[in-house]
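Visitor: One letter stands for each residue in the lines below.
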Amino acid sequence: MKRFEQLIYIAALALLAVLLFSEGRRSASLDEREGVSAKALYAELSNPQVKVQLVDLRAYDDDGYLDTHVPGAIPMPECDPSKAPEPARERVYSYVTTVLITQDGQSAALEACKQRFAHARVLQGGMDGWSEARLPEDTGDYAPPKNAAGGGCL
Amino acid sequence: MKRSVRITFIVLIVAMAAAVVALRARNGERESRLSAPTTGTTP
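Protein chains in written order, with my numbering: chain P, 82 to 235; chain W, 272 to 314.
So that you can see chain P by itself, here it is in the shape it has in the complex:
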């Protein structure tokens, strides 16, 4: 028995590691389904250590992005780069944690964008939820951040 003791411990550790990994995957997929609340997103954006990319999937017109948007959000209507304004096209990165913004937080947008981003969540309640939470908003055309700019986007 003593001969196999070490082997048993290692097997138990390996089994627990597999279980931990599978629960981690399940947690990540729940993150995607559940989305992020406006207040939680605001807290994330306020933390300079956390890098989050905001992609606004609403139309780039006076009823959508130009009227009001989350500060720093990159416009990409319908998740189609060809519909995004010129300066925004090269700003969308696939391997950055991304929050997708729609008008009312419908998660159909997430399905459409799933292929594009490695880790994407939906803003719960969308832009309506952000406005209802009375969080800072921006209006007008998308302006890419200047290279010399420091700090957060809010």
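Be a bit skeptical, because a hint or two may be false.
[Said to hold, decoys possible] Quick partial rundown of chain W residues pointing at chain P, CB under 10 Å, derived from the structure:
id : residue
1  : 272
2  : 276
3  : 277
4  : 280
5  : 283
6  : 284
7  : 301
8  : 302
9  : 304
10 : 305
[Claimed, not checked] Cβ pair distances, simulated, as ranges:
id : chain 1 : residue 1 : chain 2 : residue 2 : range
11 : W       : 278       : P       : 214       : 43 to 51 Å
12 : P       : 217       : W       : 289       : 23 to 31 Å
13 : W       : 290       : P       : 193       : 32 to 40 Å
14 : W       : 289       : P       : 171       : 40 to 48 Å
15 : P       : 118       : W       : 286       : 29 to 37 Å
16 : P       : 140       : W       : 305       : 24 to 32 Å
17 : W       : 274       : P       : 113       : 43 to 51 Å
18 : W       : 304       : P       : 167       : 40 to 48 Å
19 : W       : 296       : P       : 92        : 19 to 27 Å
[Claimed, not checked] Among the chain P residues that face chain W by a calculated CB cut under 8 Å, a handful are:
id : residue
20 : 86
21 : 87
22 : 88
23 : 90
24 : 101
Everything labelled a hint here was simulated from the structure, so no lab data went into it. C-beta: ideal position from N, C-alpha, C; glycine also.
Following the hints, complete the assembly by docking chain W onto the known chain P.
Guide: Same frame as chain P, now just chain W:
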């Protein structure tokens, strides 16, 4: 096997088992919350 090595293994196994149980419970709770029908009531 040395006593210290055995204790290290046991502590690791207990810690990992606790993490698995906690994560499973949290995921289960989130999953049931997500799958529960959302019924709105008007005051």
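Visitor: Decide, hint by hint, whether the structure agrees.
Guide: Okay, the hints, checked on the actual structure:
1. 272: This interface hint holds because 6 Å falls under the 10 Å limit.
2. 276: Constraint on residue 276(W) satisfied, holds at 8 Å.
3. 277: holds (8 Å)
4. 280: With a closest approach of 4 Å, the residue 280(W) hint holds.
5. 283: holds (6 Å)
6. 284: For residue 284(W), the interface hint holds, since the closest Cβ of chain P sits about 5 Å away, which is under 10 Å.
7. 301: holds (5 Å)
8. 302: With Cβ-Cβ at 6 Å, under 10 Å, it holds.
9. 304: holds (8 Å)
10. 305: Holds, about 6 Å.
11. 278(W) - 214(P): 43 to 51 Å: Check passed, 50 Å falls within 43 to 51 Å.
12. 217(P) - 289(W): 23 to 31 Å: Violated - the Cβ-Cβ distance for residue 217(P) and residue 289(W), about 40 Å, lies outside 23 to 31 Å.
13. 290(W) - 193(P): 32 to 40 Å: holds (35 Å)
14. 289(W) - 171(P): 40 to 48 Å: Hint holds: Cβ distance 46 Å, inside 40 to 48 Å.
15. 118(P) - 286(W): 29 to 37 Å: Holds, at about 31 Å.
16. 140(P) - 305(W): 24 to 32 Å: holds (29 Å)
17. 274(W) - 113(P): 43 to 51 Å: Holds: the Cβ-Cβ distance is about 46 Å, inside 43 to 51 Å.
18. 304(W) - 167(P): 40 to 48 Å: holds (42 Å)
19. 296(W) - 92(P): 19 to 27 Å: Roughly 24 Å apart at Cβ, these two residues keep to the hinted range, so it holds.
20. 86: It holds, given that the least Cβ distance between residue 86(P) and chain W is near 6 Å, below 8 Å.
21. 87: holds (6 Å)
22. 88: violated (11 Å)
23. 90: Holds, about 4 Å.
24. 101: holds (5 Å)
In the structure shown, a violation is registered for the earlier hints numbered 12 and 22, in ascending order.
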